[in-house]
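S.K.: Residue numbers (the working numbering), protein chains in the order written: chain A, 1 to 163; chain B, 1 to 141.
Source of the hints: derived by calculation from the structure; they are not laboratory data. Be careful, since some hints might not be right.
Said to hold, decoys possible - Pairwise CB distance ranges (calculated):
{"#": "1", "chain 1": "B", "residue 1": "K99", "chain 2": "A", "residue 2": "P12", "range": "40 to 48 Å"}
{"#": "2", "chain 1": "A", "residue 1": "L21", "chain 2": "B", "residue 2": "V54", "range": "18 to 26 Å"}
{"#": "3", "chain 1": "B", "residue 1": "A58", "chain 2": "A", "residue 2": "D103", "range": "17 to 25 Å"}
{"#": "4", "chain 1": "A", "residue 1": "D99", "chain 2": "B", "residue 2": "S7", "range": "42 to 50 Å"}
{"#": "5", "chain 1": "A", "residue 1": "K162", "chain 2": "B", "residue 2": "L11", "range": "43 to 51 Å"}
{"#": "6", "chain 1": "A", "residue 1": "R154", "chain 2": "B", "residue 2": "L6", "range": "36 to 44 Å"}
{"#": "7", "chain 1": "B", "residue 1": "L6", "chain 2": "A", "residue 2": "N23", "range": "17 to 25 Å"}
{"#": "8", "chain 1": "B", "residue 1": "L74", "chain 2": "A", "residue 2": "I40", "range": "15 to 23 Å"}
{"#": "9", "chain 1": "B", "residue 1": "F18", "chain 2": "A", "residue 2": "K162", "range": "28 to 36 Å"}
To be verified - Under the rule of at most 30 Å between Cα atoms (straight-line distance), these lysine-lysine pairs were calculated in the DSSO-like manner:
{"#": "10", "chain 1": "A", "residue 1": "K162", "chain 2": "B", "residue 2": "K99"}
{"#": "11", "chain 1": "A", "residue 1": "K95", "chain 2": "A", "residue 2": "K51"}
{"#": "12", "chain 1": "A", "residue 1": "K129", "chain 2": "A", "residue 2": "K95"}
{"#": "13", "chain 1": "A", "residue 1": "K51", "chain 2": "A", "residue 2": "K90"}
{"#": "14", "chain 1": "B", "residue 1": "K87", "chain 2": "B", "residue 2": "K99"}
{"#": "15", "chain 1": "A", "residue 1": "K90", "chain 2": "A", "residue 2": "K129"}
{"#": "16", "chain 1": "A", "residue 1": "K149", "chain 2": "A", "residue 2": "K90"}
{"#": "17", "chain 1": "A", "residue 1": "K51", "chain 2": "A", "residue 2": "K162"}
{"#": "18", "chain 1": "B", "residue 1": "K99", "chain 2": "A", "residue 2": "K149"}
{"#": "19", "chain 1": "A", "residue 1": "K90", "chain 2": "B", "residue 2": "K87"}
{"#": "20", "chain 1": "A", "residue 1": "K149", "chain 2": "A", "residue 2": "K51"}
{"#": "21", "chain 1": "A", "residue 1": "K162", "chain 2": "A", "residue 2": "K95"}
{"#": "22", "chain 1": "A", "residue 1": "K90", "chain 2": "B", "residue 2": "K99"}
{"#": "23", "chain 1": "B", "residue 1": "K87", "chain 2": "A", "residue 2": "K51"}
{"#": "24", "chain 1": "A", "residue 1": "K95", "chain 2": "B", "residue 2": "K99"}
{"#": "25", "chain 1": "A", "residue 1": "K129", "chain 2": "A", "residue 2": "K162"}
{"#": "26", "chain 1": "A", "residue 1": "K162", "chain 2": "A", "residue 2": "K90"}
{"#": "27", "chain 1": "A", "residue 1": "K129", "chain 2": "A", "residue 2": "K149"}
{"#": "28", "chain 1": "A", "residue 1": "K51", "chain 2": "B", "residue 2": "K99"}
{"#": "29", "chain 1": "A", "residue 1": "K95", "chain 2": "B", "residue 2": "K87"}
{"#": "30", "chain 1": "B", "residue 1": "K87", "chain 2": "A", "residue 2": "K129"}
Stated by the list, open to error - To give a feel for the contact side, a few chain A residues facing chain B, derived at Cβ under 8 Å:
{"#": "31", "residue": "V66"}
{"#": "32", "residue": "I77"}
{"#": "33", "residue": "V78"}
{"#": "34", "residue": "A105"}
{"#": "35", "residue": "I106"}
Just so it is clear, the structure is predicted and the values come from calculations on it, not from any experiment. Even glycine gets a Cβ: it sits at the ideal position worked out from N, Cα and C.
Below are the chains, spelled out letter by letter.
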Amino acid sequence: MRQLLPHPLLTPILAGIWLLLNNSIAPGQIVLGLILGWLIPLLSIHFWPEKVYIYRPLTLLRYIMVLLVDIVVANLIVARLILGNPDRLKPAFVKVPLDITSDLAISLLVSSITLTPGTLSARLSLDRKYLLVHALNEADPDALVATIKYRYERLLKEAFEKC
Amino acid sequence: MLDYLLSFLVLFGAALTFIGSLGLVRLRDFYTRLHGPTKATTLGVGSILIASAVFFSARGTGISLHEILVTLFLFITAPVSAHLLAKAALHLELNSLAKIPRKKVREANALERADQTQATKQATDNAEKIPSTDGPQEPTQ
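Using the sequences and the accompanying hints, generate a full structural model.
M.R.: Okay, here's the thing in structure tokens:
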């Protein structure tokens, strides 16, 4: 089973992407998409040694919703910051300690920190314990750490790691 | 009615993308400038794509959902490039308005270098070991 279907989650996702690329839901395209979704993970297994398992899909969905709302809100805030006086900005580097350990969860967290405007993940420490985040305008670094940990990391930990 | 909504979305997206680019001019150092592009690629492009999806679904033949893919690929690739740019800037120790935790960064840089040389050394060691099976050899420089 492991050899035949290395990433059960990847198959429907790839099939979905194939259908979106073709913009059709004809039966032939669905079959072709499923075949591609089966072959591509089989051929690319060496790039994904870690087994991916989502323990709570609903939490992940909630995470995506939270992230989308935050992206919209933060965009408007940063737009106002850029149009304001740039000399009054207080950029800061903030060190965020990480609790999550799974590769996928860490890369999702790093990506979503960069996607929310106003914060930018600059560096992940080699042992994956700390993330260096650059904030565009942050007077209170501790509050930023708390927000990242509570709003994003907690949900990702619940979704990807057994607790 | 739909026209007004769509024009609002397109103009809003264009305005946000413009502000994102404006950030490149107005902001003062490399790290803060990186914030501009990440902004433009999220909400700016996002609302233009929503407008596109709605327009072609309403006017074209059938539902058009290509745009979701554009968003997906942008969301996957934009943070990676921004992260690499920031990491390279830290490596080169570019000037920054924010206080860089210099000691930590230097340590990390040194560790990474050591890691890399070790990895390349191991690779060359392995390459040398493969042809000769009679015991370990000193790597020749």
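S.K.: Could you run down the list of hints and mark each one as holding or not?
M.R.: Hint-by-hint comparison with the structure:
no.: 1; hint: B/K99 to A/P12: 40 to 48 Å; verdict: holds, 47 Å
no.: 2; hint: A/L21 to B/V54: 18 to 26 Å; verdict: holds, 20 Å
no.: 3; hint: B/A58 to A/D103: 17 to 25 Å; verdict: violated, 42 Å
no.: 4; hint: A/D99 to B/S7: 42 to 50 Å; verdict: holds, 45 Å
no.: 5; hint: A/K162 to B/L11: 43 to 51 Å; verdict: holds, 47 Å
no.: 6; hint: A/R154 to B/L6: 36 to 44 Å; verdict: holds, 38 Å
no.: 7; hint: B/L6 to A/N23: 17 to 25 Å; verdict: holds, 20 Å
no.: 8; hint: B/L74 to A/I40: 15 to 23 Å; verdict: holds, 21 Å
no.: 9; hint: B/F18 to A/K162: 28 to 36 Å; verdict: violated, 46 Å
no.: 10; hint: A/K162 to B/K99; verdict: violated, 37 Å
no.: 11; hint: A/K95 to A/K51; verdict: holds, 29 Å
no.: 12; hint: A/K129 to A/K95; verdict: holds, 10 Å
no.: 13; hint: A/K51 to A/K90; verdict: violated, 41 Å
no.: 14; hint: B/K87 to B/K99; verdict: holds, 15 Å
no.: 15; hint: A/K90 to A/K129; verdict: holds, 26 Å
no.: 16; hint: A/K149 to A/K90; verdict: holds, 22 Å
no.: 17; hint: A/K51 to A/K162; verdict: holds, 13 Å
no.: 18; hint: B/K99 to A/K149; verdict: holds, 22 Å
no.: 19; hint: A/K90 to B/K87; verdict: holds, 20 Å
no.: 20; hint: A/K149 to A/K51; verdict: holds, 24 Å
no.: 21; hint: A/K162 to A/K95; verdict: holds, 26 Å
no.: 22; hint: A/K90 to B/K99; verdict: holds, 10 Å
no.: 23; hint: B/K87 to A/K51; verdict: holds, 28 Å
no.: 24; hint: A/K95 to B/K99; verdict: holds, 12 Å
no.: 25; hint: A/K129 to A/K162; verdict: holds, 19 Å
no.: 26; hint: A/K162 to A/K90; verdict: violated, 39 Å
no.: 27; hint: A/K129 to A/K149; verdict: holds, 13 Å
no.: 28; hint: A/K51 to B/K99; verdict: violated, 39 Å
no.: 29; hint: A/K95 to B/K87; verdict: holds, 14 Å
no.: 30; hint: B/K87 to A/K129; verdict: holds, 17 Å
no.: 31; hint: V66; verdict: violated, 15 Å
no.: 32; hint: I77; verdict: violated, 10 Å
no.: 33; hint: V78; verdict: holds, 5 Å
no.: 34; hint: A105; verdict: violated, 15 Å
no.: 35; hint: I106; verdict: violated, 12 Å
The structure fails to meet hints 3, 9, 10, 13, 26, 28, 31, 32, 34, 35 from the earlier list, while all remaining hints are met.
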